[in-house]
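J.: Chain by chain, the residues run as shown.
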Amino acid sequence: MLRASLREVSAALKEGRVTPTELCQRCLSLIKSTSFLNAYVTVAEETALKQAEESEKRYRRGQPLGVLDGIPIAVKDNFNTAGIETTCASNMLKGYISPYNATVVQKLLDQGAVLLGKTNLDEFAMGSGSTDGIFGPVRNPWSYSRQYKEKTPPKSSSENEESDWVITGGSSGGSAAAVSSFTCFAALGSDTGGSTRNPAAHCGVVGLKPTYGLISRHGLIPLVNSMDVPGILTRCVDDAAVVLGSLAGHDPKDATTIQDTFKPFELPNLIDVRKLCIGIPKEYHAPGLSSEILALWSKAADLFKDAGAKVIEVSLPHTCYSIVCYHVLCTAEVASNMARFDGLEYGHRADMNKSTESMYAATRREGFNDVVRGRILSGNYFLLKQNYENYFIKAQKVRRLIANDFVKVFGSGVDILLTPTTLSDAVPYMEFIKEDNRTRSAQDDILTQAANMAGLPAISIPTALSKRGLPVGLQFIGHSFQEKQLLTVAKWFEKQIKFPMIQLEEVKRHDCSVFQHQKSVSFL
Amino acid sequence: MLDHLEHLALVDFRNVEGVERLQKAIQFADQLHEVDTEGVEPMDSVLEDRCLYLREDDVTEGNCTKELLKNAREKIEEYFVAPPGNIPLPKLEERETFLQRS
Amino acid sequence: MAAAAAAAARGCERVWRRAWWRGAADAFPAPARAVACNARGGAAPAGESGLASWVPVVGLEIHVQISSNSKLFSGSQVQFAAPPNSLVSFFDASLPGTLPVLNRRCVEAAVMTGLALNCSINKKSLFDRKHYFYADLPAGYQITQQRVPIAVNGSLSYSLCIDNKMSQMVTKTVRIKQIQLEQDSGKSLHDDARSQTLVDLNRAGVGLMEVVTEPDMCCGEEAAAAVRELQLILQTLGSSQAIMAEGQLRVDANVSVHHPGEPYGVRTEVKNINSVRFLAKAVDYEIQRQIEELENGGTILNETRSFDSKLGCTVPMRDKEGKQDYRFMPEPNLPPLILYDAKSLPVNMNHQQVVNIDWIRERLPDLPSVKRAKLVELYGILPEHSFTLLNEDGLAEYFENVIKQTQMKPKKVIGWILNDLLSYLKQHALTVKDSPVSSFLLADLLNLLERREISSSAAKQVLEELWKGEGKTPLKIVKEKKLELIQDQKELEQICQSVIDRQEDEVMAIKVGNQKVLNKLIGLVQRATRGRSNPVLVKQILEKKLSE
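Protein chains in written order, with UniProt numbering: chain A, 1 to 524; chain B, 1 to 102; chain C, 1 to 548.
Mixed in with the good hints there might be a few duds.
No farther apart than 25 angstroms at their CA atoms in a straight line, the calculated lysine to any residue pairs in the SDA-like style are these [said to hold, decoys possible]:
id, chain 1, residue 1, chain 2, residue 2
1, C, K343, B, R50
2, C, K172, C, P215
3, B, K66, C, Q79
4, C, K124, A, I258
5, C, K124, A, H250
6, C, K187, B, R50
Keep in mind that the hints were calculated from the coordinates and are not lab data.
With these hints in hand, go ahead and build the complete structure from the sequences.
T.: Below, the structure written as structure tokens:
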């Protein structure tokens, strides 16, 4: 039951094959047995059970609130949740209980969803591994899959398997791991440079970054306001469409949500791709792209070609500058956004009462990790009067060039772009932490960042397993506010490739009933 | 420079680690200058062509003093409490030397 | 004299005067150190010492609190006095994840003000973040309009009188550089004893319009007169209550001095000026201080100074401005603010989302200058009277209401309004609204006078009774106090005769041609009748009797 899709389990709830409380309890117990993944930083057992109970009453009355009623979900810990701790995996907000719900959280609750807990991330979402938060790194569930273990035997018998586990990617790694390990049916992430799509690719789940302005950011603790978008992590494209439908639309509390009305949609089952024009941006053949991902990418292109779609090579010449451009814009906004954390009204406060400034400085030293402090420092540097033109404005100009690349390509008749999501499959944690956060982010966001610059919708679809038995994703990028087209194409692709289901060995030992017989059809 | 920056950023990051990070960050950012941006307008937001949403002038919030103060570490009555600020110049200098020591 | 010429060229002659609008009742002492305020006119006192004279330059930054129900970017209430931190939303307290949503009313107030100040309104304006750490600035930045403000390039005309004569008024114009929308900060209460700061965020996020003028003024009087006129305009528009004492209008003055023909000097910024009177004082003090400093071989620092109203001087304050780098950055959560006019109005847009400049322009109320001109034209009153009428909130309306209900000529009514009503109100520190005598009662009284049922001295006695606010009508008071004019000719003749009989010397004086003495006799008759005689009639009777 737990490995079913959201829509399937929703149908089961409706038909009474399972009750919301049962479902919630099973998820909670699985969260416990998979706690070694470190996917959750807060499990809201009590409130979740209460919500499930309420949902159950509605089902008994025959008046469920909709598809999401009774569905266990998880939310990245940078969304505000009233009454449940919101930490951003930072000492700064440890113990912080927000008095309000983020709009997206409120919308989910209003539709009867059951909030199981808050998921792990990099501190303030600054990272690409979900390794740099105060609660420690998230472990990729695939590290414990039969597929990985079969293909990547332990390096030596003396080394215990501890050192072999791979990262989830990030920064929404907790959410991706939660969906991937079947502890919830959908999870919210956030996506500023690829933070939803990257872990989705590494964890073998669907990761959708909607168009900027389609979903409210009210209550999402910002990283880069002009690029942040709440992300959706699900097991399949149809589920992503369901969650998107429940979240999208204008929010009077967020002036950057567009005022046009959004109509939730269902994706067709019969999809004709013959009239489509798929663009393959050559710049995404980036240095460091693994050969197997390159091969996978071209196979995917062939799949469309064979189905009658027009597949053409296109050029987005400024793509390679998106990371450096992002680096400047991100640090500048971080410097600004983080200025509010001073210990006065909320959050950590240092025991220092000499002066306001000294208290602020001590609070911020104690509250932020080095990554955050480093970004604040360099962001302030780029915003200095003498540097503003040279760095910040320059980056904003480059941003326009990047965005214009997309405008030109889409203007030439391309419907959807097809690219890899990541350069390679997930790396072991021990390897990952050898490089510093900035360098890693520069590497890892390289294929996802440009879509954020241009505000475009993009989705990562789990495509195949690598030679090491780890998931690999491909990315589709669509026109602004054309989520329906994007998801339709993604669904068609998903259907063709039949990505294998994860076979969690570790968990099997704990909870045999959860993972039954797995079908496994590899695309490769 | 770092002193000036620290004064503005208040993250107490004036050690070797901080300097190194900053240098690397600047170095990395300098790649921007390879790009020809002649005649290109800076882009603030992808919504630059959309009209800003306006709120009606209604009172819908407030009256939540208790809720707000709950998250503050230090408070007196209904006030948030800060250490002394805006203090006269001599004291300011003391504070500066204090900050430098810490 | 070179100085005078330079000053005249700047339109700055003889301005070191008390402004007309302070009113006669205002016993304002001349600034103790206003040396520049000399009778010779010109810009400075240097003539005697033989040194080149100085040209002062004054520009203003005026922060105006917008009169609105809720704050600029949040739905919390705007109110002057309330329990600490009770008017605070999650956004105002900068809780993480909260976002600004612009208040339409504040936009309209700024557009209105911009139009009233002859500005061009930017159809597209932008918001920016200005960063600095301060305990009462919870987000660590203020949202303002640094790059493209909502209104630019306007002007403000104001009048002031020359040589303290109400009859000699000149009109001047100061250019308005820009009007920008921005957030107010909270308030810090410094508890020095316990060495801590208490922070109240009730004011945090209230909408402000910052009106920035060009440095077109040259003395405290001009600055004060310009601000006073701005205050009246804002109050007429209703875009702000503009009460300085409540901090709804806060003025910072940029002051510098230079020699004629030379570039502007280094300027200082004077803050903490909380009344129009203190503005004049602070600016004049600062001009004088700078001149003295420079003449003594010193230099002027580009610094922020605070005006100490008790000492009447400016003192340097902790300069967070000068050294600060505000690291301005576009506010990413607010797309451009787009305004429309009749031409650009989109067809199918939610009208609640549209701010139409033309629509606002058509509905602008009469501005003080127009209202004054109308009063002068309609009622034939003196221009300076029109200023006084507009200077008190509600006084012009009161005046017009009296006019509507009386046959008395406006020119006569104005005297009763300005001399009797206004001085009474000032004496008792009352506003027009609080006047115990309504316009209806005053009109009633003036009608009795106009119909010659009572004398004007009797009318004054009635007014004295009316102030008590006991609800009696003027007629009732007249009856009770027997103040009606003596209608009986014979009775009046008898009284006149008895006065003549008792004043032989005066009668003699008149008979030899000193007609002025007649007034004394008239006065005596008035006294004898306790003001109940018609002076015109009395004069006729006396003249007749004396010529007999």
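J.: Against each hint, give a clear statement of whether it holds in the structure.
T.: Outcome of the hint check:
no.: 1; hint: C/K343 <-> B/R50; in the structure: 18 angstroms, holds
no.: 2; hint: C/K172 <-> C/P215; in the structure: 13 angstroms, holds
no.: 3; hint: B/K66 <-> C/Q79; in the structure: 19 angstroms, holds
no.: 4; hint: C/K124 <-> A/I258; in the structure: 18 angstroms, holds
no.: 5; hint: C/K124 <-> A/H250; in the structure: 22 angstroms, holds
no.: 6; hint: C/K187 <-> B/R50; in the structure: 35 angstroms, violated
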